[in-house]
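Heads up: the sequence lines are chains G and Y, in that order.
Numbering-wise, the first sequence is residues 1 to 313 according to our numbering.
Numbering-wise, the second sequence is residues 314 to 626 according to our numbering.
These are computed hints drawn from the structure, not numbers from a lab.
Using N, Cα and C, we set each Cβ at its ideal position, and we do this for glycine too.
Check before you lean on any hint, since a few could be wrong.
One side only, chain Y facing chain G, incomplete, derived with CB under 10 Å [as the list claims (entries may be wrong)]:
id : residue
1  : L355
2  : H356
3  : F387
4  : T592
5  : P593
6  : P597
In silico negatives: residues of chain G with every beta carbon more than 12 Å from chain Y [to be verified]:
id : residue
7  : D48
8  : R163
9  : E189
10 : R213
11 : H227
12 : A267
13 : R283
2 protein chains.
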Amino acid sequence: MIYPVFDAATIEQAATPRLVLDTVREALIAHSQGRTAVPPPLHLQFPDADGDCHVKAGWVTGAADFTVKIATGFYRNPAAGLPSNHGLICVISARTGQIRAILDDQGLLTAWRTAAAGALITHAMARQSATTLSVFGTGEQARLQVQWLARLRQISTVLVHGRSQDKAQALCEAFNTRGHHARAASAEEAACADMVITTTPATAPVLHAAHVRDGAHVTGIGTDMPHKNELPPALFARAALIATDDHGQCLDHGDFGHAVRAGSVTATSDTPAGLLLDTPVERPNGAITVADLTGVGAVDAALASAVLRELAR
Amino acid sequence: MIYPVFDAATIEQAATPRLVLDTVREALIAHSQGRTAVPPPLHLQFPDADGDCHVKAGWVTGAADFTVKIATGFYRNPAAGLPSNHGLICVISARTGQIRAILDDQGLLTAWRTAAAGALITHAMARQSATTLSVFGTGEQARLQVQWLARLRQISTVLVHGRSQDKAQALCEAFNTRGHHARAASAEEAACADMVITTTPATAPVLHAAHVRDGAHVTGIGTDMPHKNELPPALFARAALIATDDHGQCLDHGDFGHAVRAGSVTATSDTPAGLLLDTPVERPNGAITVADLTGVGAVDAALASAVLRELAR
C-alpha cells in the first residue's frame, strides 16, 4: 500500500508541452460542460508567520483518479533563504480511494496549467491576425504566459510592463535570448497591444480601459482573491465577449466579480472559457474580448493524472 | 525538500499509550479553551463507486506543526479484497509551510485518538466506584474503547452488545484472552452497566434511556454524520452533565444535535469535554452523565506532531 513520491525534476520530464496543453484544454472543456466536481477549498491561516495553507480537490467526472492539492504560502520565508511556496499533489483512485502517488512538484504543475490555460484561451479568443503581445508583471507567470502562447501562435513583438524597470528589462533580455523581440513599455503602450495578459498580484487595475484598442484581446490571470484586481470594470463594459474559467469563482474573487459589483456588466454576461476551446470563437474583428481566469481544481486533477500516466509507462 | 514517509508499523511503535493519552488530553483541553484552528472540512463524493473523500485540517494555535488529513472510504472495496479506508496525514510546519513528513498510518492514529478520547472522557465523567462497562458494537472501536479505558481504571465486567451474536461472542473471547471478564448481553442488560460506550454506525438509538441506571455514565463515539444516531434524546434529558468534544460539530452531526432538535435539551446545555479533563468533574453520584464525541481535527494535528517528534528523536 506504499505509493511512489515523484520529485519536481521527474515530473518536469514527463509533463511535455503537448501533454499539458492537451490535458488542460480537455479539462477546461469538461468543466464548461459540467463534467467536473470541485468542492469548496479548505483554508488555514497563520498570521504570526504571515502564512496560509490552501487545500483544493478536483475530479473530472468519471476519470480514474482525483487529486487533493496542498499548497502553502509563507511570505517571510525568502528572508530565511526558503521559498515562499511549498506543497504536494496527492493522486487518488476514484474507483478504490487508494492513494496512487504523491507528486512533490514544488508548484510546477500549478504554474504550467495556469500558463497553458492562459495561452489556450488567449489564442482561442484573439484575432487570427493578432501578433503583438504585452504582459503586465515580471514574475514567473509573465515569463510562462509568453513562452506558452508562443507555442500556439507567432508573436511579432513582446512588450513588458512592470513596476520595477530593472525587472522588466531583465525579463525582456530573457525573452530576447529566446528569440522574441521584447522591450519594456509603459502601461499605456502595453495596453495597446493586440493581445494583453496581466499576471500581477495588483489590488487596483493595472491598465486603463480607454487605452485598449478595438479588436484587442485581454486575459487576466493574476486575480485569485477578492481583494485583488487587475482589469478595470470599464474594460468588461467595452467587451463583446467575456470568458471565465469558472463562473462562480470569477464572480466571487476574479476581475469579473469586480466588474459585476461595479455595475459594468451583469452577472450572467460571461461564457465558460472551455466552450470557446471546444468551438472556434466567432468574433467581429473590431471587438474587444476579455478572459478572466482563476484556476480550476479539476484541471489540476486532470493534469496530475495525465503526468502520472506518463510516469507509469 | 524531500520529506520522509513513515509507514503504519513505524508509527505504531512510536505512538505509545502514554504519548497518545497525554497528547489527546492536552489537545482536547486546548480545544476547549479556544486555542485551536479547525476549518470546515472538504468533501468529495464518488457515487458510482460508493466512495467518498474527506480532508480535515487542524492546528493547536502556536504549535510548531499543523496537519492535513486525507481519508477515503470506498465501501465496495472489501468485495475486491481491498480495505474500505485509505489515507494519509501530512505534517506541515506552521512556521514555514514546509512539509515535514507524511504519515501513511492506514487510519491508525485516527482510531487511537478516538479510543483515547473516549477513554479519557469516560474515565473523567464516570463515578470513581464505577466498575462495570458495556460496549454497543463489535467493531474496531468497541475493542479499542475497552482496551484504552482499561489503561485508566479497573474494569470488573465487560458486557458486549452487537446485532450479530457471533461477532459479540468473538469479541468477548478476545477480551477474555486479555484477562477481562467479558460476556455478550442484550441491549437492555448492557444499558444497565456503570459505564456505557456506544461505537456503532446506527441511524436510530441503540438503547432506551429508561434502561440506563441513575449514577451511570454514557459516552457515544459512533455518530459522526447528521443521519447517524446512537443515543436517545430522552437520555440527554435525564443527564445532569452533558459533554461535547466540539460544540458546533456535535450540534451539527452528533447525538447532542438530535437531542437539541428533539427539544429534549437546549443548544447551550453542553460543557466542553476538554474542560472536564482539565478540572476534575464534580458529579452527584446518583446523576447520569453523557458525553458526545465527534472527533476534533486539532487532536489529529497534535497527535501526528507528537508522533513525528518521537520518530525524529
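Going through the hints against the structure:
1. L355: holds, 4 Å
2. H356: holds, 6 Å
3. F387: Cβ of F387 of chain Y sits 4 Å from chain G, so the hint holds.
4. T592: Cβ of T592 of chain Y sits 29 Å from chain G, so the hint is violated.
5. P593: Cβ of P593 of chain Y sits 34 Å from chain G, so the hint is violated.
6. P597: violated, 42 Å
7. D48: Given that some Cβ of chain Y is not farther than 12 Å from that of D48 of chain G, nearest at about 8 Å, it is violated.
8. R163: holds, 26 Å
9. E189: Holds, because the least Cβ-Cβ distance between E189 of chain G and chain Y comes to about 38 Å, which exceeds 12 Å.
10. R213: It holds; R213 of chain G is separated from chain Y by about 42 Å at its closest Cβ, greater than 12 Å.
11. H227: holds, 19 Å
12. A267: Consistent with the label, A267 of chain G stays out of reach of chain Y, its closest Cβ about 25 Å off (over 12 Å).
13. R283: holds, 37 Å
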